[in-house]
Structure formats: C-alpha cells, structure tokens
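Letter by letter, the chains look like this.
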Amino acid sequence: MRAPTRLLLVLVAGVVLIAGAIVWRQAAPGGSLAKPRDVTVRIVSALPAEPWVTAAAKTYNAQGHAVDGAKVTVEVVPMDGITALNRWSKNDFDQIPTVWLAETRDWVNQANSLVAESRGQDIFLAGGEYRDQPVALSPEVWAIFKSRYDALKEHYAKDLSGRDLSWQQIHDAAISPSWVTLGGQQEWGRFKLVIPHPKRDPAGLAAMVGAAGAYYDRAGVSTDDLTNPGFQKWLRELLDSVVDFSPFGVENMLLFGYSNGDAGQIIESYLLVNMEGLQKRWKEPLVILYPDPITWFDFPYAIYMGKETTALEKNAALDFKQYLLSAEVQKTTLKFGLRPASPDVPAQGEGSLIARWAGMGFKEDVPSASRMRPAPRSGLASLSEWFTGRYER
Amino acid sequence: MRNRPRTNVVAIVVALAFVLVLAPILMLVLSSGPEPSSSAAVSKDDKGRLVLTVAYSPEKAQLFERLVGEFNKQNQRYAIRAVKVDMTDMLSQALEGSYAAISPDSAIWLGSLDQQWQDQDASRANIVGSLSRFALSPVVVAAWQSEAQKMGYPGKAIGWADLAGRATADSSFRWSHPSSTTAAGLLATTAEFYAASSKTVRLTGEDLAAPATQDFVRKVERTVQQYGGESEDQVLARLLSQRQRTLDAFVAQESLVVRFNRQTKGEKLVAIYPREGTLWMDHPLALLEGPWLKPEHRRAFQEMTDFFRSPAMQRIVLQEGYRPADLGISLDDPDSQIKTANGVDPAQPQTLLPMPSYGVLESLRNAWMLLKRPANIYLVADTSGSMEGDKLARAKEALNIFVGQVRGGSDRVGLISFASDVREEVPLADVGQNKDRLQAAIDNLRASGNTALYDGVYSAAERLDALRQSDRINVVVVMTDGKENASRRVRSSSDPQSLINSLRSLQTRSGLPVLVFAVAYGSDADFTMLQRLSEATRVQAYRGDPETIKKLYQLLSAFFS
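For the record, the sequence lines run as chains A and B. The numbering of the first sequence is the working numbering, which starts it at 6 and goes up by one. The numbering of the second sequence is the working numbering, which starts it at 2 and goes up by one.
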C-alpha cells in the first residue's frame, strides 16, 4: 500500500471513529457530548399539593427557564403516596420520575430504605445540594360540626378546664352509647368519627399515628407503642365509631354532613378548598381545632438520585425547586389552601383561604403544639395490618 | 494478486464504518419508533390526542356520553373513549387491562376488584388507584303514585316492613328488587339488614346472623315477586314501552324515577326513601393501577375528573336527574331535576347508611342467598326441527349457563322439552342435587318434529301448580324459535288466549300465581304472541338470537337468585 493511500485510510478511520463515538454517546442514556436543547423534569406529586405544583409548573414552563443551555419543561403526575411508594418499592414506573413530592418526608424515607438496600445506594438524599426539602405545608386538623362541638365542649367542660377538645374527649365520645349521654339530642344517634381510609390515603395512617401520640402523650411513638394491646384496644374503641370506611369517607362527611360524621381528622388544605361548597350544601358551620401533638404534611421535594436521572435533569429539578421556594410562588400556596414552607413567607396574604375562613377557626398561626414525629416503618406496617384485620375482613 | 491487500483494507474500513456509524444509527432509528401499545386501554386518536379508554355502567349512558362528548370537544391533548359495559363484564375486563379507568355504578365493587387483582398475585398492591365521583343517586323504592298513596305516601314515612305488609295484605301487589349480584340489589339488601337489626351504623357479621334480623329479612324477602338482573336503562325502556304494568313497586336509584317521569305522559312514579335509611349509588371514577398505566394516562384521568367536576358539567349532572358531587352546586339550582314535580324529594334521604366493609358485604350476600324467596323454575325448551344445528347448540349453552347461575341453596329447577310432544327431561328438584342431571339432559336434547308450545308451557305450569308452594316464586322460562302448531291438550292456534285461559283456570283453583317468562328465539318466533302470554302473568317477554341467547339466560337467572 502506498503512503498516500495509507494516510487516507487512517484519516477515514479516524473520522469514522469520532463520528461513531458522538452518535454512540448521544444514544446512550444521559449521553451529552452535544448538549440537548430540552430537558424534562417529571414530578410525581401527592394529591393535596398537585393543583398548586401544576399551576406553578404551567407558569414556569411559560417563562422559558433554561439550565446549562437546555430549555426546562416540568410535567406533573398526580399520585397518592401509597401508590407511589408501592411503585418505588417495585421499581414499577413506566418513566422514572425526576422528583417525588410525597405527602411527608416519612414516605420518602420509607421509599429510600426499601430501594437503597437492593441498589446499594440512596435514591433520595437527606443532606447536601440535592437533599429533599419541604415546599408547602398543611396540618391535619379536627373539623367538628358546631352543634356537636358545643355539646361536647359543655359536656367535658370540667375535664377540659379551659383547654379545647382533644383525642381523649373524641375517644370518650366514641364509646358513649348515644349523643344523649353526651348532652346532645336523641336524633343525633351515636357519635360518628371520620378519618381518611388508612389503606388509600396517607392522611388516614397519619391520623392513627397522631391518635397514638395523644394516647401516650408524646410526639413520637415506637413500633412497640403501636402494637401495644392496650393502645390497640383504645384505638379500636375510637375507630369503631367510624361509620364509613369507604374510599369516600371524608368527602361523604362534607357531602352528607353529620349523617356521615360528627367530627373528622382531615388535612387542612382539603377542608379549605371545599369550604365554599360546604357552606352552600351544608348550612351548619364547622369548628376547626388544631390537635396536640399535630401532624404536618410537608410535601418534601425529593430529587431521584438513581443512575436513570442525568446530571442535567437533576440540575433542572433543582432549578424548579428554587422556583417553588421563591417568595412569589410560596405566596401562591395560600390560594390552594396550603401554607408556605419558606419561613420568610408569612401564612397570610392576598387570596389566603386560611384568612377567608378564619371565622370557622382556621388560624394563620397554628397554636403552639408538638409536631408528631414519623413512626418507624415496621410500626406503620403493623398498624396497617391491624386495620385490615379489624375493618376490612 | 498485488491488489488483494488493498481490497482487504478497504473491506476492513467499510466493516469498521458500519460497526461504528451505521449500527448505532440503526439502533437509534429502531429505538425511537412508535411504542407498541401495551394494552387496549390506551391509544391515540386521529388528532394525535392520547385516548383514555373508560368503561362505564349502562344505566348512566346518557349522562356519561354527554360529559364525555363535552370533554372530547374541549380538550386538546386527551380524548376519552367511553365503553358501555355490563358490571359483570366490566370487572373481569378491568383485570385483563382493557380499560385505563372504570366508572361502575357503585364503589361497592371496588373492594372485590382489588381482592381479585391480588388473588392473581399476592405481591400486588391495589388495582384501584385514584378515585373521584361526579354524580350520586340514592337507592329508593320506585312506586306508582297511586300504589304509594295506599301505603300512606307522601304523609307517612314508609319502611321495608310497610312494603312487606302491603304485599302480604294484598296478594295482587307485586314488588321486586334487583338480585344481590347487582349494586342496587346489594345496597337494597344491605338497607334491609340495617332495618332488621335496628341499626344505622356498624353493621357486623354478628348482626347478620342474629335470629331476629334473619326473621325480618326473610319476611320481607318472601313478599318479593321476582328479583331482577336487568340494568336500569333496560328497566326504563321497558317501563316506557310496556302496555301493562308488571310491578307496583321496585327498587332502583332515584335518577330512574326522574328520567321516567320526564318522559312519561301517564301515571308517575314516586321515590320512597325507606325510613330506616338508605345507601347511595355513587358512580365512582377509578383509575386502574395496572402495569399498562403511563404517566400521561394519569394526567388524562386527572383532567377528566376535574372536568367532570367542573361547575358546568355538574349542572349537566343535575339536569340528568343525578345529584352532583360538587358541594358548590345547590339542589335548588334552576337546572335541577331533583324536585317533587319529578317524584323525588331533595330533602331526602334523611338517614344515610354507610357501606359495610368488603368482608361484611360478602357475608351479607351469602346470608341473603339463604333468606331470599326460593324459586321453583321449569325450563321449557323448544326442540322442534327448526332448532337443529347452531341454534340448538347455542340454546343448550344458554340453558347450561342458567343452571350454573342459580346458586340459591333451596332453588329448584326442572327441564321440559317440547316438539310434536311434551317430555319431562328432568323433574323439579333442588338445583344442588340435580345440576349434573340437568346439564346431561340439556346436552342430550335433539331437534325434530313440530311445535307443541302451549302444551309445553301448560305442562310445566300444571306441575308447579300441583306442588302448591306459595312461599316460592313459581316460574316457567320458555324458549321457542317458531310458532305453535302441534298442541293437543291446549287448543292450538296463533292466538294464545286458549293457553292464557288454561293458566288462569289453574290459578283460580289453587290461588298460586305462575310467572311465564317467554323468550322469542330468532326472527321466526312470534314475539307479539309471546309478549301477550308473559304479560298475562304480569311479567315480560324477551327477544334473543343465537348471538345473545347466553347473555339473556344469564340475565333471566338473576330474576330468581
């Protein structure tokens, strides 16, 4: 072979090698020798926060944000925490979300510990730049129809000595044979409690853990606490007063009033967004109480750290998180019945549903109360199993 | 020979180029092609919109199609393909991945759907995911106004015992509720059990088993003329078309009363809200968390539920005679059809009964099977020559389905065939004991000869009459594909009056009513004649053909079990 021919061949081979490498890298997951022009952030969001996140994503997308030269598009997929946790544990997502906005950090930790073991790495981080971080808040509160509240308040006046109703009085009302013995009227029947379905709504399981906190009078409970026969007996007495464990128990209380429930443990944002309709359909006002200890839903924004997510996607997710946490967007939480997570943004302002319905007892400043700490995963599993055995068979 | 090395080098270069350039390109091209559809639940329409396939129960067809029509008109990204499906098919097809979402008539089915899903694979979570509601309707007793007034309507609150008392005092009063295989039937039965145990909450397995509860339910159930398996749109169509009333009262959802009254020119129906309380048909929209579900479908579902619950759509719900799920829409709205002029009362029901847990519902269904009014049923089958071939083969399948569906522990079934002569193939006996015999006899039916239809029906009625079992529903289910031409005991004629007279004579002597459900099988059958026959016994006739006969017999079986 002559030298020019050899040189030509070497040149051709070199070009081919470079071109092949470029195409190969582009095709590989996360490959980016040439930077992509677009990047999508897929957010799986808990249902109470989803309308707010979707509205924020719409504005964000319209503003044309870019990260490392790539235009960012945010997509929001509504999914309750129980379904999402199940999908994480089985790696059963059609497209792995870039971000999970769960109801509480508790659920994120559960998903992480379920998956980290098999993968040998954390998929959500508790520290550092990519740590999960709450972006909105909403507590679980008591909603009690006024006539029932007044009767209970009077009946338990001595025990309360100036304080407000708590899980203990609700429990005592639950085991009373009828409203008559509680100072109510004959036609009210028996006291009826409402809590979300614990197998369908994370707020249901949270309510049961909150009840445990009240039973033990502390803001943290262990697996032993939750499986203690004494507590389970007390809890059974309480939950036996729930008349509607259908998936629509909470909605039914608002639709059908006290024929379905006299008092409910319900997430504040759900009540706030339904309050206007409630006033039209059901004339009697509700009284809102903040329990102690109190359960907060903090909607942590958790970026998925698995290898399926590229660095660009992670950075784009980070950019949207900063956007959600900006003062301007934090203020919009109030219109959706949520509270800002940023300590710099007050829980009051234009369009605040809390302010609008303050007359019902909603408070911008939640009364001082211990925050319920997450229960251990094994305890939650036991509680869930106990519920199934008692109420679903 | 000197050229060979150069050729080799070129070949190597070409191969290298292919491996490094063409192969990745090919892989890219192949991997970026359209995704194979993983399920019939999802597809795209001609406008490129993602189509969500949603199954819904038939009774709300008008409402559902109207809402879906509006959604498809207004939404740019998603479209809904609404599929009207009977409840039994909906649940099995949901498990097979035919739908991305379903809207059954009641949430009562969702527990069993989850259970069946997990029975297939214990490691699975629930198949029922996000839930929403857009329309509700309470379960009521729909009664003709004149009949309701005899029970004290509208001044008196009427309960289940009043209904049973009316039927006991007047043997011509006929009422029915759907079989507990339907949501309305199961909810009505649940309400009966609540009433029987004097409870309005926390119905338990112990309550169901209490002797006093069982006595009450048995007494009420023994006054039922028949059960029903028809969907409410079939009931409505029949009510609007029938020349003669077959029932004085029946259980349905409130919306049926509204829909009927808006269309009829005759006497109106009124809704009786049982004073002991009632339950809701709540028409949930349920996303199915199958492996076929993609994020886009979830978003489409969310848009659909938000749209269905928007104020404009909720007003449509109200116009169609349902109660809106949106609290913001008042029942006093000008568009509301929930008004006394339509036979319903917006202030009712006063007492709402909660749905028991899945486990209690299963026990309740089993308890009802033992307490319901048992039936004596003669299946009467045409085996004349015209039935030969595929027609008879399909008819045999249908008869076997009927026998398989009768599950009541004390129901009795017998089989009579007729051609030129009448032949009792299997005498009446408890279905638990003679199921095998019935199925063998059905399989052995052979077609030949003429059509002694009247003799076949009369022979069955005569046998039932001889037993004098008035505590049971006594029924003849007759199928024929042709016209009467060979009877000898009853005068053979195209006019069924001679048979009707013979049946009346039997009833006059014994006081025992025998119901004759007639099935006109194929286009040669004389439906008008069969309709006269059935209506003379205050029930209805049905049309069937080889394609639909199995479904029809499945439906007929629900009238008795």
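Take the hints with a grain of salt, since some may be wrong.
Covered stretches of chain A (in silico footprint by chain B; criterion: 3 or more residues with CB under 8 Å from a CB of chain B, positions within the stretch not fixed) [stated by the list, open to error]: (1) 157–171; (2) 258–268; (3) 277–283; (4) 288–295; (5) 312–325.
To spell it out: a stretch of chain B is covered by chain A in this simulated footprint if at least three of its residues, at any positions, have a beta carbon under 8 Å from a beta carbon of chain A; those stretches are [claimed, not checked]: (6) 49–57; (7) 296–308; (8) 358–372; (9) 454–465; (10) 541–550.
The list that follows gives simulated cross-link-like pairs (lysine to aspartate or glutamate, DMTMM-like), each with its CA atoms no further than 20 Å apart [stated by the list, open to error]: (11) B/Lys295 with A/Glu80; (12) A/Lys288 with B/Glu536; (13) A/Lys63 with B/Glu297; (14) B/Lys392 with B/Glu297.
If you are wondering where the hints come from, they were derived from the structure by calculation, not from laboratory data. Note that the structure is a prediction, hence the values are computed from the model and not measured. Every residue gets a Cβ at the ideal spot worked out from N, C-alpha and C, and that includes glycine.
Against the structure, the hints:
Counting residues of the region 157–171 of chain A whose CB lies closer than 8 Å to any CB of chain B gives 0, which falls below the minimum of 3, so the coverage claim is violated. Check result for the region 258–268 of chain A against chain B: holds, 5 residues qualifying (beta carbon to beta carbon below 8 Å, three or more required). Residues of the region 277–283 of chain A with a Cβ under 8 Å from some Cβ of chain B number 4, which satisfies the need for three, so the listed coverage holds. Judged by the Cβ-Cβ criterion of 8 Å, the region 288–295 of chain A is not covered by chain B as claimed, because only 0 of its residues qualify and three are needed.
Coverage of the region 312–325 of chain A by chain B is violated in this model, with 0 residues showing a Cβ closer than 8 Å to a Cβ of that chain against a need of three. By the rule of at least three residues with a Cβ nearer than 8 Å to a Cβ of chain A, the coverage given for the region 49–57 of chain B is violated, with 0 such residues. Coverage of the region 296–308 of chain B by chain A holds [criterion: at least 3 residues with CB-CB distance below 8 Å; count 4]. Using a Cβ-Cβ cut-off of 8 Å, 3 residues of the region 358–372 of chain B lie near chain A, which meets the minimum of three, so the contact claim holds.
For the region 454–465 of chain B, the assignment as covered by chain A is violated, since 0 residues bring a beta-carbon within under 8 Å of that chain's beta-carbons and 3 are needed. Check on the region 541–550 of chain B: 0 of its residues sit with their Cβ under 8 Å from a Cβ of chain A, so the three-residue criterion for coverage is violated. Between lysine 295 of chain B and glutamate 80 of chain A, the direct Cα distance comes to roughly 13 Å. Compliance with the 20 Å bound is thereby established for this hinted pair. Distance check on the hinted pair: lysine 288 of chain A and glutamate 536 of chain B sit about 49 Å apart at the alpha-carbon level, beyond 20 Å; violated.
Of the supplied pair hints, the one linking lysine 63 of chain A and glutamate 297 of chain B holds, its CA atoms being roughly 16 Å apart against a limit of 20 Å. Taking the CA atoms of lysine 392 of chain B and glutamate 297 of chain B, the gap is near 47 Å; set against the 20 Å cutoff, the hint is violated.
Violated hints, listed in ascending order, are 1, 4, 5, 6, 9, 10, 12 and 14; each of the other numbered hints is respected by the structure.
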